[in-house]
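Could you put together the complete structure from these sequences and hints?
The primary structure of each chain is shown beneath.
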Amino acid sequence: MTLDAEIRLVRDDFALDIELQIAPGTTTALLGPNGAGKSTVVDALSGLLPIDQGHIKLAGRALDDPTGHANDSGKAVFVLPRHRRIGVVFQRYLLFDHLSVAGNIGFGAHTGSAGAWISRLGLEALAHRFPRDLSGGEAQRVALARAFAIEPELLLLDEPLAALDVSTRSATRRTLARHLANYAGPRLLITHDPTDAFLLADQIVVIENGRPTQLGTPDQIRQRPATPWISALAGTNLMRGIISDGSIKLDDHDFVLAAADRTLNGAVLVTVHPNAVALHEAQPHGSPRNAWRTTVAAIEPLGDTTRISLGAPLPIMVDITPASTAALGLRVGSPIWASVKATEVGLTPSDD
Amino acid sequence: MNRNGVTPRAPWQLVGLALVAAALFVIPIVGLFSRAPWRRLPKLLASDLVTDALTLSLVTSIVAAALATVFGVPLAWLLARGTFRGRGLLRAVVTLPMVLPPVVGGAALLFALGRRGIIGETIDNLTGFVLPFSIWGVIIANVFVAMPFLVITVESALANLDPGYERAASTLGASPLRIFWRVTMPMIAPSLRAGIVLAWARALGEFGATVTFAGNLQGRTQTLPLAVYVSLESDRDSAIAISMVLIVVSMTVLVVLRDRWWSRT
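If you read the protein sequences in the order shown, they are chains W and C. So the first sequence is numbered by my numbering: it starts at 1 and just counts up by one. So the second sequence is numbered by my numbering: it starts at 1 and just counts up by one.
This list has only true hints and no planted wrong ones.
Taking lysine to any residue and the SDA-like style, the derived pairs with C-alpha atoms no more than 25 Å apart in a straight line are:
1) W:341 with W:323
2) W:57 with C:175
3) W:341 with W:291
4) W:57 with W:25
5) W:249 with W:347
6) W:57 with C:174
So these bits of chain C aren't anywhere near chain W, every CB distance computed over 10 Å:
7) 25
8) 36
9) 39
10) 83
11) 114
12) 126
The following label-pair restraints were derived from C-beta to C-beta distances:
13) C:99 with W:21: 58 to 64 Å
14) C:156 with W:115: 34 to 40 Å
15) C:99 with W:211: 48 to 54 Å
16) C:93 with W:92: 32 to 38 Å
17) C:156 with W:175: 38 to 44 Å
18) W:35 with C:92: 32 to 38 Å
19) C:28 with W:35: 55 to 61 Å
20) C:81 with W:202: 36 to 42 Å
21) C:189 with W:92: 18 to 24 Å
22) W:92 with C:257: 28 to 34 Å
FYI, nobody ran anything at the bench for these hints, they're computed from the structure. Just so you know, these numbers come straight off a predicted model, no measurement behind them. Here a beta-carbon is modelled for each residue, glycine too, at the ideal position from N, C-alpha and C.
Next up, the structure:
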């Protein structure tokens, strides 16, 4: 069960040209801004939109092969959506309002398997409820169970967390990660949210204007963003740590960060945006509670900003203007002071 | 009180005109009920004229509503989902009976399906079956005027239904026919029911096309509205009694539609 897709199509003024290879048991995130062509990829894979060139092969079977190059018969192939066995979790879930939870999960299920999926996703108590009575997280689990119940050869998740409010998103994301891990086939996560991609995916394909602009693991994308869009959105510094009374002891670095929130306790994901870090020639005065002495490890120009990677004790990325870089006279190895306001330290509770 | 907590005071000019409009609807009904022969009512309603017309009206309007549903829903689906040329024109032709004087519709049916009509003549020659002046004539006239109400209601519901649901069903392995029955129809059910009731009510009250195409034969083609018209000249009390039956039925339809269906869509 591998997805091997080479999608080329032109619709109106928009051209899409992207390759996707997803191995069984791994999650690939297709990460990109709105209008980058992500939903066109969903439509092409699920069979709602035929491709012009290239091929879509899943588990060795050609699903869309307009030129006949990708299958043994040598003839053009187009498999209808209902015969593709691709489980799709739609952005707004699209549960059928007139059917109960059990009815929704049973809609496409092989006879008798709906009950197994209801219990596997812990939905027994909701089985007789209707979609209008479900919370966002519950609706997502029902959508997931409905997709699993057709025993799909590919799981396609179209912005599965976008419909949720911020307060439930991280808990739902953890549940989703657990259920994804139990699915043996290839998984494609479509998202515009770098956090979802970093936390759920093994591989990330960044898509902009219908073309892939970067491909790599979450760490590679985060550390070496290839375009201004990724650097602005995806290039955020992400660390794990334990917080207590507003002090975060970081897991991987010998460093304690101060945060504004004194109510949280326990394991947290810490985000610091590269724009939020200030650099100084000498020890800064005034308010910043996080100020430390370090050195410049790398300097990379990124469009109209410059990305500075700092060295020990806290290797994080900083975005400043090229003018500031020049004013500070920064070179690799320069000693420098860095500071972050406690209010700029983002926190997300995590229990793993 | 409105949402802002302050109800703007209505200008007296508007109130005055609105009251005239309301009176136009209220006064005739009051007038009818004030002239009602309450004591003779049971006897009048039990007369052959009324029972024949009532039976015929119920049978023809129900059959017409059923036919309008069986043929109208697919037509609505085609108008909402089809991508063929001339769809706009077809929609205009389908809705024409809603604005066309029913007498003209009846005349058009006569020229098409009558004994000398372009299709009617062939049917007559082949089978000896003559549509006009039969119960089937009444039914066809009813379908002609009533079906547009169903088609318009269902088409607008289909157009407003998020196509994502049908796509989701197709990724779950459902065939187009299964999607139609298990997803599309249940999701537009409130509008479908409203459309059926509207079409039925329109068929029940149909006069012009029926009298032109099917004639006015008691027990064969004389429906309740036709019986009212005939009785006005011979027996006013009968006319009032039948009119009251029709008003009660129409009121019931409105109440049922508003409380059970329209509020939920």
